[in-house]
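**Student:** The listed protein sequences correspond, in order, to chains H and W. Taken in order, the first sequence gives residues 1 to 261; the numbers are from my numbering. Taken in order, the second sequence gives residues 1 to 247; the numbers are from my numbering.
To be clear, the hints were calculated from the coordinates, so they are not data collected in a lab. These numbers come from a predicted model, not from an experiment. We put the beta carbon where it would ideally sit given N, CA and C, even for glycine. Check each hint, because a few of them may be wrong.
Covered, in the sense of this in silico footprint (three residues per stretch, anywhere, with C-beta under 8 angstroms from a C-beta of chain H), are these stretches of chain W [unchecked claim]: (1) 12-19; (2) 34-40; (3) 125-134; (4) 153-162; (5) 220-234.
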Amino acid sequence: MRALNIAATGMLAQQMNVEVISNNLANMNTTGFKRQRADFQDLLYQNLQRVGANSSDNGTILPSGIQLGVGVKTGAVYRITEQGNLTSTGNTYDMAVQGNGYFRVEMPSGEDGYTRAGSFQISPQGQIVTAKGYLVQPVITIPQGATDVSINENGEVQAKLAGQTAPQTVGQIELATFFNEAGLEAIGDNTFMETPSSGPANVGAPGTDGFGTVLQGFLETANVNAVQEITNLITAQRAYEMNAKVITAADEMMSTMSNLR
Amino acid sequence: MDNTLYIGLSKQAALQRQMDVVANNLANMNTTAFKRESVLFQQYVQDGAATAGTAKDDIAFVFDYGVARNFAPGAYIQTGNSLDVALTGKGFLMVEADDGDTMYTRNGHMSITEDGTLVTSSGHPILDDAGNAITITAADRQLTIAKDGTISGNQGVIAKLGVVEFAQEDEQSIRKTGESLFSSTAAPQPAVDAQVLQGMVEGSNVEPIKEMTTMMQISRAYQQTARMLEQYQDIQNQSIQRLAKVQ
């Protein structure tokens, strides 16, 4: 009986669905997290009786054939890069990107990583670093004794230096955009790496054509919608149960058969 | 002679196939743009042996002659992804298959490859209204897709998605080929009433309650047939024993 295997593919798919949903829910409060969605596709079909085949010598054709599907598979698990909500933190070095773009971060390996989580801090050398201590690119050093650090929406970092009244520009935040954002590889720690599929990073100043703006004192929350995820979870769980029921029913049919005298 | 056995067997073979179809429907409950199927049955009448003085008995076997596909639209699910589209009406998107043939799909989850081609989640290029692949350049941003399928970015119109539909009489010729794709020998025509909805995908049109009740019916019918076969065997056993006693 195919029904057993078909229902097994269904259960596997729903299991994957629950895994994706649970990861979304677990990251509900992760800064800059982008929710994912599992996209399912049907498996190949077996043609037991091909539609359009001749049904007689007179050239009449079968109006409908018999095509049996053999189950379901996961086509893709893709990231939905919708803008998350912005929440005010009042922290000087917290930044959120409104619109397109990622902050560029130098990873310990020397490669560039990209992140939407702008919860930055200051290193002992006065450089702007991520929560992990990785340098934000290009390196911006806040001079010692500087006060009133402000970052405008175009990414210009200004500070009042000791003994001066007018604020001085001490650096410029840059953003990176990608041709195919969905092609970025997530490596954890809210960080993404460039892949051949994402295309090379296109670096530019915030607020210029195609780049989002930077908001100081705000963080981007996850774009996970709890209600939506919970309803998806209910659907996935019920679908899992129903597929399990199919296995029971198919098993009963087989046991009926084997109990025939 | 053993017609009862054969009739029961034809019923059970048909029920098993129907069970496979129901299992496939339920497995694809959450598959994007999946179309539910059901099995069609008919009688296959065979002339029975005529016994003297009585009317001729016709024997009716169960024969599953086809699978019907229900093209009703599924529920529309909001995803918020700018490259997800759902189609209303009877529209299909055109897709280029591996062998160069044109296939059709209602699964509008699109992505962009590294060379800018717009593809389905299985990597097949999506075609525009002239049947060519659609290329998005690196300079195109903020893609919006209008209800008629026109894709435009910040630099103006890029392409128009090819949305087609099949004539009523050609709908029967549509075959499923897996990966949410359909193929057909008939030529489609540009869709008139289909709309393209951006940021949504079409869900599966499987109604789980219907499928579950069908499944219950199948397993009960299967058991009944098995019971019938058992009873027939009992009758045969009894007749053999009694005939032996007479002699």
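**Student:** Where does the structure disagree with the numbered hints, that is, which hint numbers, in rising order?
**Tutor:** 3 and 4
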